[in-house]
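Asks: Going down the list, the sequences are from chains W and H. Everything in the first sequence is counted per the numbering used here, starting at 1 for the first residue and increasing by one. Everything in the second sequence is counted per the numbering used here, starting at 328 for the first residue and increasing by one.
By construction, these hints were calculated from the structure, which means they are not laboratory data. Cβ coordinates follow ideal geometry from the N, Cα and C atoms, glycine included. Any given hint could turn out to be false.
[Claimed, not checked] Covered stretches of chain W, going by a simulated chain H footprint (3 or more residues, C-beta under 8 Å):
| no. | region |
| --- | --- |
| 1 | 89 to 95 |
| 2 | 163 to 175 |
[What the hints assert, rightly or not] Straight-line Cα separation of at most 30 Å, DSBU-like style, residue types lysine-lysine; simulated pairs:
| no. | chain 1 | residue 1 | chain 2 | residue 2 |
| --- | --- | --- | --- | --- |
| 3 | H | Lys498 | W | Lys159 |
| 4 | W | Lys243 | W | Lys268 |
| 5 | H | Lys402 | H | Lys498 |
| 6 | W | Lys159 | H | Lys377 |
| 7 | H | Lys616 | W | Lys76 |
| 8 | H | Lys616 | W | Lys159 |
[What the hints assert, rightly or not] Non-contacting residues of chain H with respect to chain W, defined by C-beta distances greater than 10 Å in every case (computed):
| no. | residue |
| --- | --- |
| 9 | Val395 |
| 10 | Val560 |
| 11 | Phe564 |
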Amino acid sequence: MPQRVGAASVRRVTGESTGLAPVIETAGLTKHYGSVHALTDLTVTVGHGVTGLVGANGAGKSTLIKILLGLLEPSKGQASVLGHDIELASTQIRQVVGYMPEHDCLPPDVSASDFVVHMARMSGLGASAARERAADVLRHVGLDEERYRPMGGYSTGMKQRAKLAQALVHDPRLVFLDEPTNGLDPAARNDMLRLIQRIGNDFGIAVLVTSHLLGELEQVSDHVVVLDGGHLLRSSATGDFLKQTGNLLVEVIGTTTERDALGEALAKAGLSCRPRGPMVAVDPPPPGVAAHDIIRDVAAELGLGLMRLQPDRGHLEDVFLDGGARV
Amino acid sequence: MSEYHRSGVIHDLGYHGYVGPREGTATIARTLFVTGLRHTYGLGRSGKSKVLPFVLLAMSVVPALIVVGVVVLTKLPTLPTSYPNYVNQTQLLISLFAAAQAPVLFSRDLRYRSIVLYLARPLSAPLFAMTRLLSLTAAILLFTAVPTTLLFLGALLAGLDVSDQVNGLLKALTLQILLAALLAGITGLISSISLRRGFAIVGSVMALIVVSGVVTSIQAIATTQDSDNLGVVAGLFSPWSIHNGLARAWDVDVAVLTPPEGAWPLAYSLVAMLVVAACVLGLVARFRKVGSR
Chain W
1 MPQRVGAASV RRVTGESTGL APVIETAGLT KHYGSVHALT DLTVTVGHGV
51 TGLVGANGAG KSTLIKILLG LLEPSKGQAS VLGHDIELAS TQIRQVVGYM
101 PEHDCLPPDV SASDFVVHMA RMSGLGASAA RERAADVLRH VGLDEERYRP
151 MGGYSTGMKQ RAKLAQALVH DPRLVFLDEP TNGLDPAARN DMLRLIQRIG
201 NDFGIAVLVT SHLLGELEQV SDHVVVLDGG HLLRSSATGD FLKQTGNLLV
251 EVIGTTTERD ALGEALAKAG LSCRPRGPMV AVDPPPPGVA AHDIIRDVAA
301 ELGLGLMRLQ PDRGHLEDVF LDGGARV
Chain H
328 MSEYHRSGVI HDLGYHGYVG PREGTATIAR TLFVTGLRHT YGLGRSGKSK
378 VLPFVLLAMS VVPALIVVGV VVLTKLPTLP TSYPNYVNQT QLLISLFAAA
428 QAPVLFSRDL RYRSIVLYLA RPLSAPLFAM TRLLSLTAAI LLFTAVPTTL
478 LFLGALLAGL DVSDQVNGLL KALTLQILLA ALLAGITGLI SSISLRRGFA
528 IVGSVMALIV VSGVVTSIQA IATTQDSDNL GVVAGLFSPW SIHNGLARAW
578 DVDVAVLTPP EGAWPLAYSL VAMLVVAACV LGLVARFRKV GSR
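Extracted from the complex, chain H is given alone in its bound form (with noise of 0.2 Å):
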């Protein structure tokens, strides 16, 4: 870097250069990283946009302590619900999480053009995009992971088998991964195109609350037309029951009406990676776009 010398002189304007180390693109990634996963929580933010995503956390709190107080006095065997069916029976406050935070990673650098900022730095358009999604995915994992670590610690609490909790904690975390990775995808994606953050909103909701109660009533008809296999089909098109479905095929007690048998449960893992990998490609796309406009 010595062979360009400046040739300006410094007046007493005061004006000085920076001679301290500048950080390569990962620390740049892991700063952008910390800061997204803070601001969807509304920290570093203003005081307004703390509230929604600490009340749904609250709210998908309060019934795990439940659980954890009902354990602890009355000496159950086993907790009344597995992690996996707990994290279940709060898919729509997890999905409303979701869908009202995903605006804040994906869709202001869009709508005010600050994007273009970003990408005459050194991070390209593909980190970028990946850390923003990375964020989100923690973001989620950790809104999904607190009940259930909660829950976990009743379960310590109450004496209850370690190894068996432990066990069932691991499956629950791996599959909590996908499913707030498959989450933050489908939000991010839908919120980096609809740049209104109402609409992101509402289509984030159509596309995982909306289609998770279509899915559930085409497994339902299924089942009654023993006609399992459509069912099973059917799962593919919804994060919640691929969720499901894998937690099942996994031996854990979760409520699914067509469980996937046989090669099905690499069927689903092999899908929700795709729409993973399919979700990081349309954001890059999509960066790269509105960045060279």
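So here's chain W without its partners, still in its complex pose (with noise of 0.2 Å):
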């Protein structure tokens, strides 16, 4: 079971030492349907800039976002998001955040100028606030003509940007991503994801922004909080899931069989290690052992051409691969 995280690892995750109030907060958050848990005692914190929420399919990374907005009510516990409670203050809340829900919720008959202008009025903009903030924002998101065509014509990669534009009309104060890059050609997805990150620090409103892909929030977040069927399974910067690990790659000239060859001699000479693809991952030596001169010296002996000598650094993946350490 999850213990509930401490101060000091609340403190930890908070703002990247902005010293800034938490955009996100909660405690103990919980939501049954039934049987089914889709988050379990959830304690997190959340700070400005850019946060990756990581996850399965059902990790409970939407649930998260409807409680939040209050879409949801959870079964149990607390939140806060930009200061306010959910349950007391949930107008409050969705006056200042903006929402991208994971599915379709475009009329089709309806164009993206037209339609991006209406719910920065629900919002509370003024007329003509909402309609220069709506062009402004097309723009920022990328979509210049096809604006003003119904959005039952558009392509996925229009559909995500108008469903994009409509969640930061308001200039809200946070955004909650759902997906955003789910379905976008390797083009688009990069696109969506400068995107983002300009988003979080340029245009300076907090992003919660979750997906199942762990690689591209590895690009764009600062920060990474990931679930694994409801529970937290790590919250910290995105720095320390890829921090170097202590673990040395080497590669040397040729195929495996050298590859082996090199293993074998520096697993003599006292160094444990495995293969690794086309290299060798050297674990971390004990104190006082000088491992690159040992690698240095051993393919000098071996004859071996020694192309690569480098650390070995983590990745985000890596979370779910020692998945029992849960938080």
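Make the complex out of the two chains shown on their own, each in a separate frame, by following the hints.
Replies: See the structure below:
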């Protein structure tokens, strides 16, 4: 069972040492649908910038967002968004957040321009301000001439942009983006990721973005929260996930024969190691052992051409590999 | 709000925040109400969607214009029809208008799931449902009030007694508000459940026109069988018989086979209000459910 995150780890998570109040705070948040446990005792804090919310399908990502928006009621626990309690001040929260749902939500017979203006007004902007903001935001998300066409004829990429535009049109202080890269081709995916990074950094809007693809969040988020089956697996700065593991990666010229020869020789020399792809991954050496020198000497003795010798970095995926280590 | 300073730098990419005023929920609801009312008449939508509401409106106005012409030219001492009776005579057109236009306000948001975008904004599900219902109620009321007002102006033009006519008009409009709320609630709820426009229209036509026909038949049988009470009870099941029964109880000349007497008009009013309340609750539950998916 996950333990509640202590105060110390909460502070580590918050706002990337900017000293700002947290954007989202949850305490023991739980949502059960009958026997289905969508979220279990989730305690997490999200700061400014871009925060990735990662998990497989059904991990509880969308459920968390809907609870924070007041669309769903939690079974247990509390949460606050931008300092407002979700139960007591749901309206105030919805005034200052934007939401881009995962599923299709655009009427096909309305143009993006008209729709985004209407949504701006539904967030409380006046008629002329709504028109101005809609034009501005549609330009930022990259919908140009198409914005006067009915949205039914849009490609998936254009629909995602229109959905993003309606989430940003009222200049929220926080946006929830639920799977914004879903269904996009690689080029459109990169565009969307760049846009998300700009929203978090240049626009100054805090972003909580979900994805089931770890790799893409690695690129854009300052901070990653990993959910697994409704439990918090880990929450920390993206850099912590990617920091050096202490392993060394060695590659020599040749095929797997040369790789294996090197591996066996290194093992004899007292370094534990294993093959990884075309390379040999050397475990962190015991203190006092100069691993780099040993590798150089072993390669020289065997007459192997040393091609690469670099420190190994972690990946977001590793969190799932040692999934037993739940927070 | 000032405790959240933006740490981001605004580059010359041109993103500007919005620092202007943000309206409260009352203003947002008013905007939604006006937009909804316009949309029921096809205003602000495609040219095609204006055809049906305006054709129906024209069809319900033309007989009123003819009546006005006749009254003015022939100097009749009274209008040939009471205001509520005119509404009753055009009930088919009014039912069709409600059935055809309710899906505009109640199916689209649910079918295309844009309801989620509304509910993620300041308006809550109950307020949203009620605003939508008010839009449709106002649209139906407008539909019935336009010919009624024309008749009234014609009566004044013909020199009929002003106080009689004002009295009749106020009674008629009061009854029309109740009728419009009933029709809007019933057709709105049906449209929010059957999201395909065709099914919604068929369902609403069944609920309004077919049920009304059945109620009238039962009332006709009840009179021949000398069991008027059965007919009065049957009248509770259709908005039209409620409207007509209440009009009759209010001393207005409307053709009603089994007029409600004694405590029955009160029961009619209570049932009407209960039905409207139940429709509001049903709509809120429906919007909540779809919005949380």
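Asks: With reference to the structure, classify each hint as holding or not holding.
Replies: Hints, one by one, checked against the model:
1. Interface restraint, the region 89 to 95 of chain W with chain H: holds (4 residues with C-beta to C-beta distance below 8 Å; minimum three).
2. Judged by the Cβ-Cβ criterion of 8 Å, the region 163 to 175 of chain W is covered by chain H as claimed, because 4 of its residues qualify and three suffice.
3. Distance restraint check for Lys498 of chain H and Lys159 of chain W: the Cα-Cα separation of roughly 51 Å exceeds the 30 Å cut-off, and the hinted pair is therefore not satisfied.
4. For the suggested pair Lys243 of chain W and Lys268 of chain W, the alpha carbons sit about 29 Å apart, so the restraint of at most 30 Å is met.
5. In summary, the hint linking Lys402 of chain H to Lys498 of chain H is supported, as the alpha carbons are separated by about 24 Å, within the 30 Å threshold.
6. Restraint check: the Cα-Cα separation between Lys159 of chain W and Lys377 of chain H comes to about 27 Å, which is no more than 30 Å; the hinted pair holds.
7. Among the hinted pairs, Lys616 of chain H with Lys76 of chain W is consistent with the structure: their alpha-carbon atoms are about 20 Å apart, no more than 30 Å.
8. Restraint check: the Cα-Cα separation between Lys616 of chain H and Lys159 of chain W comes to about 24 Å, which is no more than 30 Å; the hinted pair holds.
9. Chain W leaves Val395 of chain H outside its interface by the beta-carbon criterion, the shortest separation being 38 Å against a cut-off of 10 Å.
10. At the 10 Å boundary, the C-beta of Val560 of chain H stays outside the reach of chain W, the nearest C-beta of that chain being 41 Å off.
11. A cut-off of 10 Å between C-beta atoms confirms that Phe564 of chain H is not in contact with chain W; the least separation is 35 Å.
Checked against the numbered hints listed earlier, the structure breaks hint 3 alone; every other hint is satisfied.
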